[in-house]
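Hey, can you piece these two chains together into the complex? The hints should help.
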Amino acid sequence: MTDVGMTAVNEAFGRALDAVNAYLNHWLEPLGLLADEVSAAIEPASVGSLRDEDLAGLAEGMIRQLEASPDVIGHGFVAAPDVMSGLEHYLLWFQRRTNGIRRLKLNLSATDPDLYDYLDTDWFAGARRRVGPVLYGPYVDYAGADFLVLTIAVPVMVGERFVGVAGADLDPDAVESALVMRLRNLPGDAVIVTEDRSVVASGSARWMPGERLAAHPSSEPDGWLAQAALAPWSGWSLALAAPA
Amino acid sequence: MTEAIHLGLLADGEQLPPETEFAHQLGVATMTLRDSISTLRDRGLVETRRGRNGGTFIKRSLEPAPEPDLERLARISVAALRDLADEQLAITGLSARLAAQRAAPQSVRRILGMVDQISTAASRGARIKADSRFHIEVAIATRSERLVRREVALQAETVGMLWLPHLEGAEASEIVTEHHEIAEAIAAEEAEAAQHAAERHVRANLRRLTTAHLRLIEDDTLEEAR
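For the record, the sequence lines run as chains A and B.
Counting with my numbering, you get residues 1 to 244 for the letters of the first sequence.
Counting with my numbering, you get residues 1 to 226 for the letters of the second sequence.
Worth double-checking, as some hints may not be accurate.
Claimed, not checked - Now the in silico label distances, taken between C-beta atoms and shown as ranges:
{"no.": "1", "chain 1": "A", "residue 1": "61", "chain 2": "B", "residue 2": "119", "range": "44 to 50 Å"}
{"no.": "2", "chain 1": "B", "residue 1": "165", "chain 2": "A", "residue 2": "220", "range": "51 to 57 Å"}
{"no.": "3", "chain 1": "A", "residue 1": "81", "chain 2": "B", "residue 2": "35", "range": "39 to 45 Å"}
{"no.": "4", "chain 1": "A", "residue 1": "180", "chain 2": "B", "residue 2": "50", "range": "53 to 59 Å"}
Please keep in mind that the hints were generated in silico from the structure rather than gathered at the bench.
Predicted model, so just to flag it, every value in this text is computed and none were measured.
All C-beta atoms, glycine included, are put in the ideal place defined by N, C-alpha and C.
For reference, chain B alone in the conformation it holds in the complex (with noise of 0.2 Å):
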């Protein structure tokens, strides 16, 4: 549910079912929906009203605020951030290079409109959409539910980390570019050149992650010294 908040496949304000029914519909125990809810409410992303028109209603900002990632961030090792990548490595390369053999006209032109919608993004949370939908619309095109669950799963964990307020306009422009070229391979069927530009996009964002991790761990060093 988390993933389907962040991704806008529910909408804001919308009400969940009453917990019996939900839990009955999801096949868990009420007990473990009442925790999952408890945890989405602490993340943000679900209120509770009480009263007479009370429930559980989804609350997704287009705006999140970076704290819970810069934390995230600040928590997570290098060693695990290497793992997301190994990760990426093998889904998003993969991906990119089954989407250059099979994409159909229409993911094309969604993916480029994907890199298109980057480069113009005015804020955060509308990078943050963008590029995590350019990844998801790579994965569709391979016509592969499995790889799109995957990819789905990695956006959740790692886009709001890597779109963080200190990330230089140097640095945006290049991921703008990197998506250019994973699109271009795709656009030309070009499965070789698909694959390496994904795996160099990768490896690009795992050395931006890592600095802004060391960055971050370096703050706190100096703050706690003080």
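Chain A on its own, in the form it takes in the complex (with noise of 0.2 Å):
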């Protein structure tokens, strides 16, 4: 390609590169402040005997919120081990059901072996680990959400302590029509895949969503026209080939 070309080709990578960035970016917003909105309910003294009845204050906002949001299955506070007095597992999560919307109910009995175990997810104990926000999925939440959703997480701080997540698990289906749409005006076939390698959502039947790249573009550059990486925390990379 002539460096006129590539140029062009450049030029409307980066544009695709900030549509999907400023995308994935909305998504920290409601999350941020639900975050804050939980860390400004709990006192610091009473971090380790919280009651169910001392959060319930924030239910409503967070039904009022889900309402608001389609793309959006199902969101809510995730509380870390020594936080709730008397439970090493804790969710004040409500989901969008046909029926309406309803508070999850999972098995968190600690001495149950099918327990909900959400500690060692890479949600969880990844948004504890960097204390940011954390993209994970599409994956099938099984014992959870019960389908494919895509998890955001963000961490709850009250002072300097992580007392848990505020989460949010998006609708695979919208996210997936969300990032085509920004990247149709590309000037070939292009791809957004996880540090996994996973293909999230590409603009060409040349790879499907859930499949796994041979090798990640960031380790073999050489096969693509262009190829860069997503806003840090979603750990996504965009790629772009030659048309097959």
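Shown next, in the form of structure tokens:
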């Protein structure tokens, strides 16, 4: 390709990169607000002895927010151990189901081998380790949401202390269509992949969501017209190949 | 719901919502719901208590009694067992193949963890749990909701009949080896090998189930002759 041609490609690629980043980052605003609300509802001295009733006031806002966000399947607060009184695991989570918005009830009894143990999931452990937002999926959250979801989690801090995450499960179909729309004007076949080489969305039938690329574009950049990391917290990358 | 109880998605002792509300939630007629709950009660999966703190509660035994599974295995035909295995070849075999191509590191960790759980499980209930969770985790790794649903239904139908008290120690350790092979192939991202290992496992289970079934009806015939 000529230098002029390459400049046009790079410009279009840069615009797509910005558009996808703006879309990804826009999810952080409501989650940041949710994290602030949860944090404000928790008295620092009460961490460790919190009860469900102490957080009950948050429910109404969570339900209202969910009603206003059609692309969100569920959201809420997921507690770290030693935050709630006598409970290693605790969720204040609302979910949109066919029959309306409901509080999600999971098997959280500590003695049960089938407990929904979220402590070692990439979204919970990731948000805790990074002290920053995490994007995980799409994955089949079989024991939790019960379908394919994309989870975003941001840490909830009370002072310096990590007390859990404010999270949202996004509808992967809605995310896919939002992403594909932003890849439309690229001169070539575009694909968005996770750190694990998993395809999230593509503007071409060359790659299917959920499938894995043989190599991450960043480790083998030669086969691509352009490739770059998206918002660092997402762990995603955008890559563009010459039309097949 | 039977599946949800077996798989532990519903905790022991959890109370079901009042009949009318629950029927509304599920979008079924109250009579239909009442019938279903009565079936669950017969299978010992829920219990209804009367009185002020009454209601219907999930009763999930971590150690399910083998008798209902023995009875089912005695009554089922070999042709029906083969039919179940046919579906498993399609679902379980393909799931293993796709998992090898798609599994996220978190999924691979869980799958390998389940193999350990099967080999260290100290009771029938724990083996049933770990075995079915293994296959469901493999299906989850494919990121296909449909494959997950089919695998859950297949596990609910078969796993209890497999882990019956008469299963020999040698067979049990072979089962662990088969799961280990599937998991290793998925971790190594070897799609063909994962599919073949899963298919061999399904065929070996069909042989185990058929052998156990024939032994059961033989015992019954002997008993009747006496």
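Now the hints, each set against the structure:
At about 47 Å, the CB distance of residue 61 (chain A) to residue 119 (chain B) agrees with the hint of 44 to 50 Å. Restraint check, residue 165 (chain B) to residue 220 (chain A): a C-beta distance of roughly 54 Å satisfies the suggested window 51 to 57 Å. At about 42 Å, the CB distance of residue 81 (chain A) to residue 35 (chain B) agrees with the hint of 39 to 45 Å. Evaluation of the 53 to 59 Å hint for residue 180 (chain A) and residue 50 (chain B) yields a pass: the beta carbon distance comes to about 56 Å.
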